[in-house]
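Visitor: Spelled out from the first residue to the last, the chains are:
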Amino acid sequence: MSGLEDLYREIILDHYKNPRNHGTLPTPPAVMEQGYNPLCGDEVRVYLLIEDEELKDIRIEGQGCSISRSSASLMTTAVKGKPLSEVRRAVKTFKKMMALEEDSDLYGEEIIPFEPINERTVGELIALQGVVKFPVRIKCATLPWNTLVQALESAVQS
Amino acid sequence: MSGLEDLYREIILDHYKNPRNHGTLPTPPAVMEQGYNPLCGDEVRVYLLIEDEELKDIRIEGQGCSISRSSASLMTTAVKGKPLSEVRRAVKTFKKMMALEEDSDLYGEEIIPFEPINERTVGELIALQGVVKFPVRIKCATLPWNTLVQALESAVQS
Amino acid sequence: MANELVVELPDNDKVLDAQTVKQDFPIFKEVGQDPFVYLDSAASAQRPSKVLEAMDSYYHTTHANVHRGVYRVAEQATNLYEEARSHLGRFLGAPKPELEIVFTKNATEAFNLFAHGYGRKILGPNDVVLLTKMEHHANIVPWMILREQIGFEIRFIDIDAEGQLVLDNIEQQLKGVKILGVTMASNVLGTLNPIKQLTEYAHQEGAIVIADGAQYSPHLPTNLQVLGVDAYCITGHKMLGPTGIGALWARTSILEEMYPFLGGGEMIRNVTTEGFTTNDIPHKFEAGTPPIAEAVGLSAALTYLEEIGLENIRAHELSLTSYAMEQLHERLGSEIKIFGPENPSARSGVISFELKDVHPHDVSQILDQEGVCVRAGHHCAKPLMTSLNVPATARASFYLYNTESDVDSLVSALVKTVEFFR
Amino acid sequence: MANELVVELPDNDKVLDAQTVKQDFPIFKEVGQDPFVYLDSAASAQRPSKVLEAMDSYYHTTHANVHRGVYRVAEQATNLYEEARSHLGRFLGAPKPELEIVFTKNATEAFNLFAHGYGRKILGPNDVVLLTKMEHHANIVPWMILREQIGFEIRFIDIDAEGQLVLDNIEQQLKGVKILGVTMASNVLGTLNPIKQLTEYAHQEGAIVIADGAQYSPHLPTNLQVLGVDAYCITGHKMLGPTGIGALWARTSILEEMYPFLGGGEMIRNVTTEGFTTNDIPHKFEAGTPPIAEAVGLSAALTYLEEIGLENIRAHELSLTSYAMEQLHERLGSEIKIFGPENPSARSGVISFELKDVHPHDVSQILDQEGVCVRAGHHCAKPLMTSLNVPATARASFYLYNTESDVDSLVSALVKTVEFFR
Ligand SMILES: Cc1ncc(COP(=O)(O)O)c(C=O)c1O
Ligand SMILES: Cc1ncc(COP(=O)(O)O)c(C=O)c1O
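Top line first, the protein sequences correspond to chains R, H, X and S. Plus 1387 on top of the position in the first sequence (first one is 1) and you've got the working numbering. Plus 1387 on top of the position in the second sequence (first one is 1) and you've got the working numbering. Plus 1334 on top of the position in the third sequence (first one is 1) and you've got the working numbering. Plus 1334 on top of the position in the fourth sequence (first one is 1) and you've got the working numbering.
Hint data in this document are derived by calculation from the structure and do not stem from the laboratory. Even for Gly, the Cβ is constructed at its ideal location relative to N, Cα and C. Warning: the hint list may mix true and false statements.
As the list claims (entries may be wrong) - With a straight-line cut-off of 27 Å between C-alpha atoms, the simulated BS3-like cross-links for lysine-lysine are:
| id | chain 1 | residue 1 | chain 2 | residue 2 |
| --- | --- | --- | --- | --- |
| 1 | X | Lys1671 | H | Lys1526 |
| 2 | H | Lys1520 | X | Lys1430 |
| 3 | S | Lys1750 | H | Lys1526 |
| 4 | R | Lys1404 | X | Lys1750 |
| 5 | H | Lys1443 | H | Lys1467 |
| 6 | H | Lys1404 | S | Lys1690 |
| 7 | S | Lys1455 | H | Lys1404 |
| 8 | X | Lys1455 | S | Lys1750 |
| 9 | R | Lys1404 | X | Lys1671 |
| 10 | S | Lys1363 | H | Lys1520 |
What the hints assert, rightly or not - Simulated restraints on C-beta separations:
| id | chain 1 | residue 1 | chain 2 | residue 2 | range |
| --- | --- | --- | --- | --- | --- |
| 11 | S | Gly1458 | X | Pro1459 | 48 to 54 Å |
| 12 | H | Leu1400 | S | Ser1656 | 47 to 53 Å |
| 13 | X | Val1500 | S | Thr1637 | 36 to 42 Å |
Take these sequences, add in the hints, and give me the full structure.
Guide: Here it is, written out as C-alpha cells:
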C-alpha cells in the first residue's frame, strides 16, 4: 500500500492508539471548547488550564480518525506547559505546515514570520506533514488545533 | 409566408381588427370575470348578462394578440342569446377543437358526447381550428373561453 | 409491523448482466485510475452515455428558455421539459403526472418546498411533526428551520438494534401528528420501511405523509398510488440523471393548498407594485428558469432504468448485497460490525459498517489506495449516528453496474485495512 | 444622475468576429431549421462546445458527490466544484472569491436566498425595501412573499419616458430604506443603471444594496469592488453556462449574518433531535447535493468569455445595437416604437419594441416563420409593462454570436409582418 506511509507514519499510529493527555479537566478553573468536523462527524473537546499566561495543563477527549486523534495528541505534547505566546506561535506554525498559512494574511491577521518547518523547529509534529498530500484529511488534522484556538479565545474572554 | 395562413385566416384577422361585442356591461345586473395569460400578459374581461338560464348579452374587453381577441369575438357571436346549456356545450366543443377535450375526463368532469367538429356544427369558429398546429397559441385562443367559464360559475354562485 | 414490500423478482436468467451494463457508463473506461471500484452510488450514481448524449443533443439542437417563447425552438424546449415532467410522474406511478411533479434542484429543495409551502400552511404552535431517527438531514433540518419561525413540536420514531423503526405503539406515536416524514429506504442502514402500512395508520390519525424516495426510486419499482403517501421526493443524480435536478411529487389537492415558496418569474399569474397572484400548479412552485437540460437528462435516465427494468435492478442488488454480507462476515468475522437489518431482503443495496478500532475515515482512505470508493462519515444522518452511538460509519453501496468482483475487491481491501491497523 | 459606466472599448479591429464565434456553438449547425436567427439570448444564451465538453468530461472522468468523500475521485470533484466557485468570484471581481459565492439553481433562487436569509434578519414591520419599476419578478416577488410573513413596505423607483430611473430626489426616496434592490441592466429596456452612484447614496442612508447582474455580467466586464454593492446575483444559462446554476455573491459580513434558508445536508455543522447548528459560509447556504457538473460547465463558460474578452463582447454588442436601432427606425419608421434609452451606449444589447396594431405575440409568431427568434410577452417584468402601458413587448437581444446579417433578417421580417397585418 504505497503512498499511505506518508500519511500513516509510525508515530501517528502510535499517538492514535495511545493518545497522550487524554481526558478532561474540571471546569472551572479549566475552560472547555468543542469542535466539530461537519464533514465526517468527528468531534473533539479541548480542556485548557491557564495560569499566568501559561498553558499549565491540557486534556483532550472526543471521537475521530487516526489523523485527528494523533494530531490532537501530538498537539498536547507540543503545547503543554508553554507560555501562551508560544502556544499561539505553534498553532501558526502548524497551520503553515498544513499549507494554510496564507490565510493569516487573507483574514487581515497580523503576519508573524514563521519558523521554517523542520524536525528541529516542530519536533514530532513533523510526522503530520504527509497529511498535506491528502487535502481532504487536512481538516481532520486541523480540527483539534482550531478548537484549541477557540478555547484560548474563550479563556481570554472569561 | 406559408403555414401562417392556417393560423391567420381572413376571418381571424377580420375579427381581430373589428371585434364584435366589444365593451362592457353594467355590473350588476351583469357579472364580470377577468382572465390572464401569465405567459404573455394578455388579459380579458368577460361581462355576462344572464336571465332565465339564458345568456342575454355578452361583452368583452381587454388586451391580447390576434388569436385571443378574434377567439373572444368569435366566441361572443357563438354564444350570445343562447341558453346556458348550449353555451356550456359550445365551450366543450371549442375545447375539443383545441385538442383539450381529454381534460374533461381527467378532471373528473361529466363526459358529454361532443358533436363532430365541422363548419356545420361550429360555424365560424372553425376558423380557429388552425391554432391547434401552434400549441403555444392554444392558450391564447382558450383564454376568453376559460374566462367565460369562470364568469358562468360566478353568475351561478351569486 | 411486517414490511409489506413485495416486489415480484424476475427469474435468475432475466436479471441484468452488470458487466455489460458497465459498458454503458463511460467513467468506468475513462476515469484516471485502475482499478476503479465505485461503491458510492448512494451518494451519487454515475451516468450512462445516453443521459449525457440526451443533454448534449438538447443543447445542440433545441435550447431556448421554456414556457415563454412563441417560436418553434422555444416550443420544442418547453415540450421536452414538460415531457420529462410527465415521464417522471409515470415512472413514479403518479395519478396525474403532468400536474403533480414540481422540479427542484435536488431532493433537499423538494423537502424545503414542502415544509415551507405546506407545513407553514397547516402547522401551528401546538402541532406535531413526526419524523424518524433514520431520516436524512434533508427531511429534518427544513422542519427545524420552519419550527424556528412558527413553533411546533418535532418528534422522532426510534429504531431498534437491527435498524428497524420501532412501530409497536405507532398509533400512540401518531396521536396529534399533522405531518409524518419518513424515508422509504435509509441511506445508512439500507432499511426498507413499511411505508404503505405506516401511511394507513397516519391517515387514520389525519396526518399527511411525506416519504423520502431518494434512496428508493433509483433501485426498486415505485408506485405512488399503491404506497398511498401524500408527498414524495426524489433526486436526479442518484438515479443516473444529472446533478441539478430533483422533484417533489404531491397530490393535486396539496399542491393547490400550498403557499408559494420561491418567488420570481414563471410562478406568477400577475404582478403589480401592490402584490402578486400565483400561476397554476405545478408552475406556481417553479420560479425562474428551471433545470431544462437536466430534466431532459433525467428523462433519458428514466428511460434507461425502465429498459433494464427496476425489478431486475432490485434482484441484482439483492443478490450483490447477500453476497457481500456473507463475504464480509466470513472474511472479517468479529473485526466488522454491519449496521441495519440482517436479512438482505429487508434492505436496499447499502451496507454501513464499522471496523474494530479503525475510524471510517481511515477505512475509506485505505480503501481508496486499493481503488475502492466508499463513503465515510455521518451520511447526513447525525441523529441516526447518535442513535447508533458512532461518530460515523463507512458505507458501501451498490447499483446496477456493480459486480461480484467489485464486492471481492471491497472485502480484500478491508482485510488489508484490518492488517494495516493491527 | 449621469451613468458612470465607463468601459474601455477596444479598437475596432480587436473586436470579435461573430461569424467565427458562431462556429463554436453547435446549435447554429445542428438546429433543425434554416435560417436560425437567434435573437433571444436575454432569455437564455446558447452554449459553446467547450462548455458541453467540460461537463461531459467531468461526468466521464470525475463524477462523485462533493465535500463528503475521502477517496480521490470525490476529492477531485470537490476541487473542481470549489475551483468553479473561485473562478466565478474572480470573474466578478469579488474580494474573497472562495468565501463569498453561493451557488444556487438560478438567479431567482439567489434573490430568494437573500430575501429570506438577510431580509428576514434585518427587516421589521416599519422598514422599507426600495426596488425599481424595471425589476425582474425575481427581485420583486421574493420581497412580496417575505412581506406577507413579516410585513414591511415595498416602494418602487419610477422610470421616465426614456426608460431611465427617476433619481432626481433619490436621497428623499432612500429615506428609511433598509434594502435597495436594483437591476444593473433592464432585461426589457436595456437600460444600464448607474449602480455605483446609487450605491453611494444608498450607503449614505445606511441601506444595503443588492444588484441584479443577470443581464449585465454576461455582456460587460463586472467589478464588484468598483461597483460597491453588497450583494449580487447572476444566472449561468444567460452567460453561456448550463441551466441549473446561478449564484449569489454577498460580502462576507452579510453572509455571516444571514439566516440559513434551505435546510439539509452540507449546510449543517451538527444536527441532533433537538436542533441544528450551521456550517461555515458559503456552505451554510448550499443545502443538499449542489449542481456540480453545472458549476464545471459554468466555469468553462467563464473561461470562454474571458478568452474573447468582455470588452470585445461589449463593443460588438454596442455596434450591433446601434446598427439595429438605425435600421429599425429607417425601415419601419412610425410603424415601430422602441422602448428604452435612445442612445445605444446607454443600453445593453436588448431592444424591446412594439409594432403598430400588431400584438407582440403575433410579431414573434410571424418572425418565427422567417427563422427569426424573438421573445414576446411581459418578460417577467409586469410592473414595468404597466408603467409602459403595454400588455407585452417583443424583444430582440444580441450576444457575441450575432451578426449584422442577423439584424438584417430581423428588420426584413418585421417589414413583412407589418405588411401582413396591414
Ligand atoms: C434581469 C433578470 N433578473 C433575473 C432573471 C432570472 O433569471 P433566472 O430565470 O435564471 O433565475 C432574469 C432572467 O429571466 C433577468 O432577466
Ligand atoms: C435518504 C436521502 N434523502 C435525501 C437526500 C438528499 O438528496 P440531495 O442531496 O440530492 O438533495 C439524500 C442524499 O444525500 C438521501 O440519501
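Visitor: Now tell me if each hint is right for this structure.
Guide: Do the hints match the structure? See the list:
1. Of the pairs offered as hints, the one joining X:Lys1671 and H:Lys1526 is violated, with about 61 Å between alpha carbons and a cut-off of 27 Å exceeded.
2. Restraint check for H:Lys1520 and X:Lys1430: the C-alpha separation of about 25 Å stays at or below 27 Å, so the hint holds.
3. As the CA atoms of S:Lys1750 and H:Lys1526 are separated by approximately 25 Å, the hinted pair is consistent with the 27 Å bound.
4. Proposed proximity of R:Lys1404 and X:Lys1750 is supported: the alpha carbons are some 18 Å apart, at most 27 Å.
5. Distance check on the hinted pair: H:Lys1443 and H:Lys1467 sit about 6 Å apart at the alpha-carbon level, within 27 Å; holds.
6. At roughly 12 Å between alpha-carbon atoms, H:Lys1404 and S:Lys1690 fall within 27 Å of each other, so this suggested pair holds.
7. Restraint check: the Cα-Cα separation between S:Lys1455 and H:Lys1404 comes to about 53 Å, which exceeds 27 Å; the hinted pair is violated.
8. Using a Cα cut-off of 27 Å, the hinted pair X:Lys1455 and S:Lys1750 is violated, with the two alpha carbons roughly 52 Å apart.
9. At most 27 Å may separate the alpha-carbon atoms for a hinted pair to count; R:Lys1404 and X:Lys1671 meet this at roughly 20 Å.
10. Restraint check: the Cα-Cα separation between S:Lys1363 and H:Lys1520 comes to about 26 Å, which is no more than 27 Å; the hinted pair holds.
11. A hinted range of 48 to 54 Å is violated for the C-beta pair S:Gly1458 and X:Pro1459, which are about 21 Å apart.
12. The hint said 47 to 53 Å for the Cβ distance between H:Leu1400 and S:Ser1656, and at roughly 35 Å that hint is violated.
13. In this structure, X:Val1500 and S:Thr1637 break the distance hint of 36 to 42 Å, their C-beta atoms being roughly 54 Å apart.
Violation of the numbered hints given earlier is confined to hints 1, 7, 8, 11, 12, 13; the remaining hints are satisfied by the structure.
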